Amino acid sequence: MARIDVRKTYKLYIGGAFPRSESGHSYEVTDSKGKFVANAALASRKDVRDAVVAARKAFGPWSARTAYNRGQILYRIAEVMEDRRPQFEEAVKQSEGGSAAAARNQVDAAVDRLVWYAGWADKLAQVIGNANPVAGPFFNHTAPEPTGVVGVLAPQSSSLLGLVSVVAPVIVTGNVAVVVSSYERPLPAVTFSEVLATSDVPGGVVNVLTGDAGTLGPWLAAHMDVNAIDLCGVAGATDLATSLEVAAADNLKRVRRAPDAEPDWAAEPGLAPMTAFVEQKTVWHPIGI
Amino acid sequence: MAFEYAPAPESRSIVDIKPSYGLFIDGEFVDGRGASFKTVNPATEETLAEVAEASDADVDLAVRAARRAFRGWSRMSGKERAKYLFRIARIIQERGRELAVLESIDNGKPIKESRDVDVPIVAAHFFYYAGWADKLEHAGLGPNPQPIGVAGQVIPWNFPLMMLAWKVAPALACGNTVVLKPAETTPLTALLFAEICQQADLPPGVVNIVTGAGGTGQAVVSHPDVDKVAFTGSTEVGKAIARAVAGTDKKVTLELGGKAANIVFDDAPIDQAVDGIVSGIFFNQGHVCCAGSRLLVQESVAEEVLARLKRRMGTLRLGDPLDKNTDIGAINSREQLDRIRELSDIGEAEGAERWAVACDLPSSGFWFPPTVFTGVTQAHRIAREEVFGPVLSVLTFRTPAEAVEKANNTPYGLSAGVWTEKGSRILHMASQLRAGVVWANTFNKFDPASPFGGYKESGYGREGGRQGLAAYLKGAEA
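In the order they appear, the protein sequences are chains A and B. If you're matching positions, the first sequence starts at 1 in this note's numbering and goes up one per residue. If you're matching positions, the second sequence starts at 290 in this note's numbering and goes up one per residue.
Please keep in mind that the hints were generated in silico from the structure rather than gathered at the bench. Model, not experiment: these values are computed from the prediction. In this text, a Cβ means the ideal position worked out from N, Cα and C, and glycines have one as well. Some clues are possibly wrong.
Here's a subset of chain A near chain B, in silico, CB distances under 10 Å, partners left out [claimed, not checked]:
(1) A125
(2) V127
(3) N130
(4) P133
(5) A135
(6) N227
(7) V246
(8) A248
(9) L252
(10) E268
(11) L271
(12) A272
(13) K281
Next up, chain A with everything else stripped away, as it sits in the complex (with noise of 0.2 Å):
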């Protein structure tokens, strides 16, 4: 007699635990087929907000680190995912289909991914904050810090490769993040959230939410205290979009805007993403004797 599968019902990531929703909701996960895969929980306004307070929680410990150590954290999540590769490929391919190559390709570059970003932590402020030569004797200089809460619409079609490419330059600069994960292929966002778990970042950094961005963005976008959002995740959807930028200006959050369709996530991202989401902080002193 064949052997009966146990089928998972996976939870929502938040403050370093993994609760059900509030909501007690979950959905049916199925594969690019059609079948049957796990169920997911399905995030509410309640989780939402339990997110935001632990990531606000969690935001002034994260940006007082040192950059060496949160880039040490971030190539701690890359070493984790690299031993968890089979798991990744089976998610990805499960979730986006296509062959089983596109899948590892997928892994490995998510996984340099963070590296890449890793590297970031300690370089960005160098590249872009700078000494200003003001006309007087005072020291001048500016330097990024981090926006704080900044709410994430992860992509719907790129499930991990696109997930890490929204989530790494968000946290390298000492944000925290509230991740309303793809809602067709949240499997590999699943995934990520036990990686996260246990690779050293402090609960609270990364919140992931499983559910729908169209239901939890516009509570993302309104809430007072999440500082910025990312669209990433209703590219193409404009009248959604628009809508979640108008509550965003409630608080005059930072937005970074919905593309039209999700960009080619292989290409090499720039610093666009980490620079969406940090402040420049100008700082004076006079010089004297």
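Given the coordinates of chain A, assemble chain B onto it according to the supplied hints.
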């Protein structure tokens, strides 16, 4: 000891104010199609001139002119664009006295400030960005920096010419063309600047100036052919602009309100700190978005600091903005005066203790004496809302952690000040304060090379410095 000063008025004969002004579109002064409005001298309430109020159709003409000019201006080599900006900078220096006098007449600010702060910074700003025009590929903002297109810029009345320079200089250096709307109450120096553009033979349409009120500003920022919006003003209007551009490709920078904490520790050099408190809140009548409007003073020195502050305030001279001895000029408008009065009355009603310098206020014009509120709590409206006037709220703290907590307890995040002799504490505080500019042992210093802009609801984007270029280049972020 009280010093008596003989009047020392700057002559206003150097400026020639016309009875009426049109709009500056495509290199020419033209009549507007809309109504007109009066601009008054806030120190006397004398009407200075009739100014055209640009209608939607006028704004459209200006945007079309800017679009036509963009083709040539953006393709001109940076080296040549730079020369126009250098020319403008030189003319501003040459006509500095005229600009300063006109600014003081239209705005109400002391000539000492317009002459020694505003106008020199304006010239320096054009010099600074002139030098960038042919060096953009070295700015670290991408390998092939490209201008965005037509910039719609709306500026406030507190630093009319300086805000114009902060907007126009980087925009032009990067190859954009502009449609600028000066504030309704202070249009005159922008119109004089238009003359300077003519004098510099700036190609027609590169700079267009449309005067008017909020409706004109709205037409500028929401015009479909404007690619870039730059606004300095209230947080409320900033939010409205952020909503209006939602769903468009327009790039936006917003420099909005503030409620800066100026933090004085017990080891601070008290006399210097007191002078910093005074320049922090009374510079430009407190019409400064980055004004140090919340004094946070360590409890152990609060009494001494306040005593010396009040004594120092007693020496401030309020009156004729054109008098070279004047420290405090006129409030810019009746509307603003009403707002300052209203919030001050609320401060009193909510239980804070009000103290103002006993000084004679001129019988005509808009005036408000330098005022301090003590016994202020964080819940008081005068501790939360931007008064935008010469009104200081004083709160106390015991520990550095409490100072940080109180300083950051505001939706704004434009600037902050720290006074202490301890270096490590300065750097700690500077890192903890959620504000775009931190002045340590100084306050209200500005320089074209120094990026300026806010955190949180004080807006986004930076003006000044290398970062200031990012606002005017395609795809670049500061």
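Hints, one by one, checked against the model:
no., hint, verdict
1, A125, "violated, 12 Å"
2, V127, "holds, 7 Å"
3, N130, "holds, 6 Å"
4, P133, "holds, 6 Å"
5, A135, "holds, 6 Å"
6, N227, "holds, 7 Å"
7, V246, "holds, 5 Å"
8, A248, "holds, 8 Å"
9, L252, "holds, 5 Å"
10, E268, "violated, 13 Å"
11, L271, "holds, 7 Å"
12, A272, "holds, 6 Å"
13, K281, "holds, 6 Å"
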